[in-house]
Amino acid sequence: MDPQLVTDLVVHTILIVIVATLLMGGFAAMTVVERKLLGRFTLRYGPNRVGKFGTLQVIADMFKMFFKEEVVPDHVDRAIYLMAPGMALVPAMLAFAVVPIAQAPFVLPFEVFGYTITVNPWIADINVGVLYILAIGSLGTYGVVLGGWSSNNKYSLLGGLRTSAQMLSYELPMGVALLGVIMLAGSLQLTQIVDFQNAWLGLRWFILFQPIAFIIFYICSLAEAGRAPFDLPETENELIAGFATEYGAMKFGLFFGAEYIHMIVVSFIMATLFLGGWSGPFATQVPLLGIVYLLLKVGFILFTMIWVRASTPRVRFDKLMKFNWKFLLPLSIANAAVTALVAGVIFF
Amino acid sequence: MLKEVKEAVSGSREIARAMGVTLKYLFKKPITHQYPDEPVEVYPRFRGRHVLQRYENGLERCIGCALCAAACPTHCIYVEAAENTDDDRRSPGERYAKVYDINMLRCIFCGYCAEACPTEAIVLKHDFQLAEYTRWDAIYTKERLLEPHDTPHIKLRSDEKFELKETWGNK
Numbered sequence: 000m001d002p003q004l005v006t007d008l009v010v011h012t013i014l015i016v017i018v019a020t021l022l023m024g025g026f027a028a029m030t031v032v033e034r035k036l037l038g039r040f041t042l043r044y045g046p047n048r049v050g051k052f053g054t055l056q057v058i059a060d061m062f063k064m065f066f067k068e069e070v071v072p073d074h075v076d077r078a079i080y081l082m083a084p085g086m087a088l089v090p091a092m093l094a095f096a097v098v099p100i101a102q103a104p105f106v107l108p109f110e111v112f113g114y115t116i117t118v119n120p121w122i123a124d125i126n127v128g129v130l131y132i133l134a135i136g137s138l139g140t141y142g143v144v145l146g147g148w149s150s151n152n153k154y155s156l157l158g159g160l161r162t163s164a165q166m167l168s169y170e171l172p173m174g175v176a177l178l179g180v181i182m183l184a185g186s187l188q189l190t191q192i193v194d195f196q197n198a199w200l201g202l203r204w205f206i207l208f209q210p211i212a213f214i215i216f217y218i219c220s221l222a223e224a225g226r227a228p229f230d231l232p233e234t235e236n237e238l239i240a241g242f243a244t245e246y247g248a249m250k251f252g253l254f255f256g257a258e259y260i261h262m263i264v265v266s267f268i269m270a271t272l273f274l275g276g277w278s279g280p281f282a283t284q285v286p287l288l289g290i291v292y293l294l295l296k297v298g299f300i301l302f303t304m305i306w307v308r309a310s311t312p313r314v315r316f317d318k319l320m321k322f323n324w325k326f327l328l329p330l331s332i333a334n335a336a337v338t339a340l341v342a343g344v345i346f347f
Numbered sequence: 000m001l002k003e004v005k006e007a008v009s010g011s012r013e014i015a016r017a018m019g020v021t022l023k024y025l026f027k028k029p030i031t032h033q034y035p036d037e038p039v040e041v042y043p044r045f046r047g048r049h050v051l052q053r054y055e056n057g058l059e060r061c062i063g064c065a066l067c068a069a070a071c072p073t074h075c076i077y078v079e080a081a082e083n084t085d086d087d088r089r090s091p092g093e094r095y096a097k098v099y100d101i102n103m104l105r106c107i108f109c110g111y112c113a114e115a116c117p118t119e120a121i122v123l124k125h126d127f128q129l130a131e132y133t134r135w136d137a138i139y140t141k142e143r144l145l146e147p148h149d150t151p152h153i154k155l156r157s158d159e160k161f162e163l164k165e166t167w168g169n170k
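The listed protein sequences derive, respectively, from chains R and W. All the letters of the first sequence, read from the start, carry residue numbers 0 to 347 under numbering that gives the first Met the number 0. All the letters of the second sequence, read from the start, carry residue numbers 0 to 170 under numbering that gives the first Met the number 0.
Worth flagging that the hints you see were computed from the coordinates, not collected in a lab. Keep in mind the model is a prediction, meaning the values are calculated, not measured. Warning: the hint list may mix true and false statements.
[Stated by the list, open to error] Facing chain W, according to a computed beta carbon distance under 10 Å, are these residues of chain R, among others:
| hint | residue |
| --- | --- |
| 1 | 36 |
| 2 | 38 |
| 3 | 45 |
| 4 | 134 |
| 5 | 188 |
[Claimed, not checked] Quick list of in silico lysine-lysine cross-link-like pairs, DSSO-like style, CA-CA up to 30 Å:
| hint | chain 1 | residue 1 | chain 2 | residue 2 |
| --- | --- | --- | --- | --- |
| 6 | W | 2 | R | 51 |
| 7 | R | 51 | W | 154 |
| 8 | W | 2 | R | 321 |
| 9 | W | 27 | R | 51 |
| 10 | W | 23 | W | 5 |
| 11 | W | 2 | R | 35 |
| 12 | W | 2 | R | 318 |
| 13 | R | 35 | W | 23 |
| 14 | R | 63 | R | 35 |
| 15 | R | 325 | W | 5 |
| 16 | W | 28 | R | 318 |
| 17 | W | 5 | R | 321 |
| 18 | W | 28 | R | 51 |
| 19 | R | 318 | W | 154 |
| 20 | R | 35 | R | 51 |
| 21 | W | 5 | R | 35 |
| 22 | R | 51 | W | 5 |
Even glycine gets a Cβ: it sits at the ideal position worked out from N, Cα and C.
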C-alpha cells in the first residue's frame, strides 16, 4: 500500500475526529449561550448558578442527560426508534465536511515517522460541494420523520409529518437561492466560491451581490434547522414535543444536539457562501486571521438566530407553507432569473 | 401581486421593529431578584410571620390574656397563661404566656390576632420563609416567636411610607 495514502487516511481520520468533537463542544456551548442570551433578551439572567456566570451548566446538563434512565416505551418500533436520533445527528455533522476554514493546506513543519504531513483546512474539497450540502441537508429529515413514525404516538407522528413537509418545501427556495451564488462564482466548489470572494481586500462577499438570496437562504436555514419561528416540529403547546415526545435521556439529547449542530453547520455554510468564509483583510497573508474571521462571522450569524428566536412568534403551519410556496419560491426564482440575465450581460 | 408585496413589506417592518425591541432589552439590566443572595423587597404593610414583641427593658409584652386565640378565625393560636412571681418576672402584668403556639399551617395571616392584642405583643412582621421539613415544625412555639427575630433576607421598600392612623377601621 502506498505510504502516502496511509498517512493521508490517518490525518483525515484525526481531522474528522477533531471536527466532530469540536462540533459536539460547540453544541454544548451553544445550549448555554442560547439560554443566557434568551434570558438577557427577556430581562432575565439565564443560567447563573453553576460555576462563574453559569459556564459549568454545560457539564451539569451533560451529566443529567447521560445519567437519566434510558426508557424505551413498549409500543415503539424498537430498531427504528433507537436508530432515529443518530440519523438526525449524523447528517447535521456531515455537511460540515466541505467547509474550508482557511485558504491553503498547511504543511506541518516537522516530519512524523519520516513522512511530510499536509493538513487540509477542509475535510473534503469536492467539486460539487454545494450539491453535497443540499443533499446532506435533506438526509436530516429522515431522523426526525423516522423518530416521529416509530414512536407510535399521534403527537410524534404529526410532528414528524410536519417536519418532513417543512424541510422538503424549504429546500426548494434554498437551492434556487444558491443558484445566484453559483452563477456568479462559476463553481459548485466551496473553496473556489471563497476564493472568488477573497478579492477587493477580501471583502467581495456574495451578500453584496445577492442580498435577497442571502435573506432567502437565512430564512430557509432557520426552517431546515427547525429553529424559531419555524420550530413547528416541536411545538410544545400543541404537539407536546413533536417527534421527540417519546424520547428521553441521551436519545433526546441527540435530537437536541442535532438541532444545535445543524444550526452551527448551517451558520458555517452561510458564512462561507455569503459572508466570504475565511476571507477578509489580510487573511491571505495571515491564515490564522482567516479562521478568526470565519469564527466571528459564524458567531454573528448564531447570535442573530438566537435574536430571531427571542423576537418572533411561531408561524402557523398553513402560513408557513403559504409563505414558502407563494412568496419565497417565486422570489428566489425571480432572483435567480435576474442574476442570470445580469451576469450574462456582464460576462458575455 | 401588489397585495403580497405590501404584506411582505409591512411584515418585514414589523419583524424589524420586534427585533429592535428585543435588542434594546438585551442591554438593559435584568429585573430578576437574585433572592437567596440578595434580600427581597416587601411593602411595609405586607403581613408575614408573627413575632412576639418585647418592651425596651426586655420584658415580654404578652400578658397571656388569650384574646388573640379568641379572635383567631382558624383557631391556630394556643395560649396557656401562668402567674408572674417576683423571682421569675416575664412580663409587667400579673400573668404571662407560659405556652404560646401558633400553627402556621392553619394560619391565614389575617392579622386579627394583632388587632385583638391589647398590648401589641403579637404583630405580623414581614418574614415569609415558613417552609419546614416536618409538619410538627410548622407549629411555632413561644421561643421561636419571641423577639429578636433576624430577617436578613428581607428589605423594606422605601418608596412608600406607611403611616399608622388610629382612626383606620373605626369609622
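Evaluated hints:
1. The beta carbon of residue 36 (chain R) is positioned within 10 Å of a beta carbon in chain W (closest approach about 8 Å), and the interface hint is therefore held.
2. Taken as an interface hint, residue 38 (chain R) checks out: its beta carbon lies about 7 Å from the nearest beta carbon of chain W, inside 10 Å.
3. Contact between residue 45 (chain R) and chain W, as hinted, is supported at the beta carbon level, the nearest pair being about 8 Å apart and thus within 10 Å.
4. Checking residue 134 (chain R) against chain W by beta carbon gives a least distance of about 30 Å; that is not within 10 Å, so the hint is violated.
5. A distance limit of 10 Å between C-beta atoms decides the matter here; for residue 188 (chain R) the minimum to chain W is near 33 Å, and the interface restraint is violated.
6. Proximity of residue 2 (chain W) to residue 51 (chain R) is assessed by CA-CA distance (about 52 Å); at most 30 Å being required, the pair is judged violated.
7. With a CA separation close to 26 Å, the supplied pair residue 51 (chain R) and residue 154 (chain W) stays within the 30 Å bound.
8. For the hint linking residue 2 (chain W) to residue 321 (chain R), the alpha-carbon distance of about 14 Å falls within 30 Å, and the restraint holds.
9. Pair hint residue 27 (chain W) plus residue 51 (chain R) holds up; C-alpha atoms about 20 Å apart against a cutoff of 30 Å.
10. Of the supplied pair hints, the one linking residue 23 (chain W) and residue 5 (chain W) holds, its CA atoms being roughly 27 Å apart against a limit of 30 Å.
11. A distance of roughly 40 Å separates the Cα atoms of residue 2 (chain W) and residue 35 (chain R); the hinted pair therefore is violated under the 30 Å criterion.
12. The straight-line distance between the Cα atoms of residue 2 (chain W) and residue 318 (chain R) is roughly 16 Å, inside the 30 Å bound, and the hint therefore holds.
13. Our distance criterion of 30 Å between C-alpha atoms is met by residue 35 (chain R) and residue 23 (chain W), whose separation comes to about 16 Å.
14. Straight-line distance between C-alpha atoms of residue 63 (chain R) and residue 35 (chain R) comes to about 19 Å, which keeps the hinted pair within the 30 Å bound.
15. In summary, the hint linking residue 325 (chain R) to residue 5 (chain W) is supported, as the alpha carbons are separated by about 14 Å, within the 30 Å threshold.
16. A threshold of 30 Å between alpha carbons decides the hint, and for residue 28 (chain W) with residue 318 (chain R) the separation of about 36 Å lies outside it, so the pair is violated.
17. With a CA separation close to 16 Å, the supplied pair residue 5 (chain W) and residue 321 (chain R) stays within the 30 Å bound.
18. Restraint check: the Cα-Cα separation between residue 28 (chain W) and residue 51 (chain R) comes to about 18 Å, which is no more than 30 Å; the hinted pair holds.
19. Our distance criterion of 30 Å between C-alpha atoms is broken by residue 318 (chain R) and residue 154 (chain W), whose separation comes to about 50 Å.
20. For the hint pairing residue 35 (chain R) with residue 51 (chain R), the CA-to-CA distance comes to about 13 Å; that is within 30 Å, so the pair holds.
21. Proximity of residue 5 (chain W) to residue 35 (chain R) is assessed by CA-CA distance (about 36 Å); at most 30 Å being required, the pair is judged violated.
22. Taken as a hint, the residue 51 (chain R) and residue 5 (chain W) pair is broken in the structure, with Cα atoms around 48 Å apart against an allowance of 30 Å.
Comparing the model with each earlier hint shows violations of hints 4, 5, 6, 11, 16, 19, 21 and 22; every other hint is respected.
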